[in-house]
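> Sequence:
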Amino acid sequence: MEDSQILKLGLPKGSLQESTFKLFKKAGYRVTVSSRSYYPAFDDVEIQSMLIRAQEMARYVENGILDCGLTGLDWILEQNADVVEAAELNYAKEGLKPVKWVVAVPNDSHIKQLGDLNGKRIATELVGHTKRFLENNNITAEVDFSWGATEVKPPLLADAIVELTETGSSLRANNLRILHTVLVSTTRFIANKKAWQDPWKREKIENIVMLLKGALAAEELVGLKMNVPKWALETLKLTLPSMTSPTISELIDKDWAAIEVIIEERHVRDLIPRLKKAGASGIVEYPLNKVIP
Numbered sequence: 001m002e003d004s005q006i007l008k009l010g011l012p013k014g015s016l017q018e019s020t021f022k023l024f025k026k027a028g029y030r031v032t033v034s035s036r037s038y039y040p041a042f043d044d045v046e047i048q049s050m051l052i053r054a055q056e057m058a059r060y061v062e063n064g065i066l067d068c069g070l071t072g073l074d075w076i077l078e079q080n081a082d083v084v085e086a087a088e089l090n091y092a093k094e095g096l097k098p099v100k101w102v103v104a105v106p107n108d109s110h111i112k113q114l115g116d117l118n119g120k121r122i123a124t125e126l127v128g129h130t131k132r133f134l135e136n137n138n139i140t141a142e143v144d145f146s147w148g149a150t151e152v153k154p155p156l157l158a159d160a161i162v163e164l165t166e167t168g169s170s171l172r173a174n175n176l177r178i179l180h181t182v183l184v185s186t187t188r189f190i191a192n193k194k195a196w197q198d199p200w201k202r203e204k205i206e207n208i209v210m211l212l213k214g215a216l217a218a219e220e221l222v223g224l225k226m227n228v229p230k231w232a233l234e235t236l237k238l239t240l241p242s243m244t245s246p247t248i249s250e251l252i253d254k255d256w257a258a259i260e261v262i263i264e265e266r267h268v269r270d271l272i273p274r275l276k277k278a279g280a281s282g283i284v285e286y287p288l289n290k291v292i293p
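Numbered per the numbering used here, the sequence shown finishes at 293, counting up by one with no gaps.
Take these hints with a grain of salt, some might be off.
[Said to hold, decoys possible] Subject to a maximum C-alpha distance of 25 Å in a straight line, what follows is the list of computed DMTMM-like cross-link-like pairs (lysine to aspartate or glutamate):
| id | residue 1 | residue 2 |
| --- | --- | --- |
| 1 | K97 | E220 |
| 2 | K22 | E85 |
| 3 | K112 | E142 |
| 4 | K93 | E125 |
| 5 | K13 | D44 |
| 6 | K277 | E265 |
| 7 | K93 | E151 |
| 8 | K254 | E285 |
| 9 | K97 | E125 |
| 10 | K25 | E219 |
| 11 | K290 | E85 |
| 12 | K26 | E265 |
| 13 | K13 | E88 |
| 14 | K290 | D43 |
| 15 | K237 | D255 |
| 16 | K13 | E151 |
[Unchecked claim] Between beta-carbon pairs, the in silico distance windows are:
| id | residue 1 | residue 2 | range |
| --- | --- | --- | --- |
| 17 | R274 | Q113 | 41 to 51 Å |
| 18 | K193 | Y38 | 16 to 26 Å |
| 19 | R172 | N90 | 17 to 27 Å |
| 20 | G168 | G282 | 39 to 49 Å |
| 21 | G282 | N107 | 53 to 63 Å |
| 22 | L157 | N136 | 22 to 32 Å |
| 23 | D43 | W200 | 16 to 26 Å |
| 24 | D82 | T32 | 31 to 41 Å |
| 25 | T140 | T167 | 26 to 36 Å |
| 26 | N137 | E285 | 41 to 51 Å |
| 27 | V127 | K277 | 55 to 65 Å |
Derived from the structure by calculation, the hints contain no laboratory data.
All C-beta atoms, glycine included, are put in the ideal place defined by N, C-alpha and C.
Take the sequences, apply the hints, and build the full model.
Next comes the structure, spelled out in structure tokens:
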């Protein structure tokens, strides 16, 4: 196969790896990799993939070593990478919410506001963006690169940290409080500019993105179908939330109809008892793999 018919895809190694593999599986791609390999195998022969740290992904995509890849907005900004953002994908290590880079200090610190960071030492992995953030806020402070375990550095090794958090639990466990949010970041599917101009590669990327977004859209949705007596149909149609409107089908028994809807899973627990009380029967809830608008 010609190289032009191969898409070189970077997958994030590290905290996003497991959730990314699960997302691709739900999107319809079977991806396998051994514990010591950095080259996952796709069941799509037109995709060649490589595991790369999210921190480095944007640089390799910008340089054309990879045609495309998944990384966070934070690392795109950190490297000032000139890439195409093909899609925003709202997923992280532990859920579907964005992650935040925050300034955190010990609970008993005298630092109460951003201006108090003047002359202080800050530890972070996000050095470049942190320096720009401080400059934009007219703050002069020393920013040290942190190789890890950043939460334990205050107060002995740093006065404050800029650290990534999803829930804030790790910060609280280390006796830290959030002073300010520096950046809200989500996962992005990025593409090399030259690859994006290639019709075949662009279509391939857009198809992958469509399936990934469809898989994400289905994460918090379920399908419900049920049989309903026709005398209760109008009441149930008003009760049921749906992406557009319920699908209603005739049954052999002319006094009954079948209803099918797609709804947010969080509503189901309260909805099913109301549906049953309103006359619905044979209620079936089923998971979804993809929802394509």
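> Could you work out which earlier hints the structure fails to respect and list their numbers in ascending sequence?
Nothing - there is no hint that the structure violates, so all of them hold.
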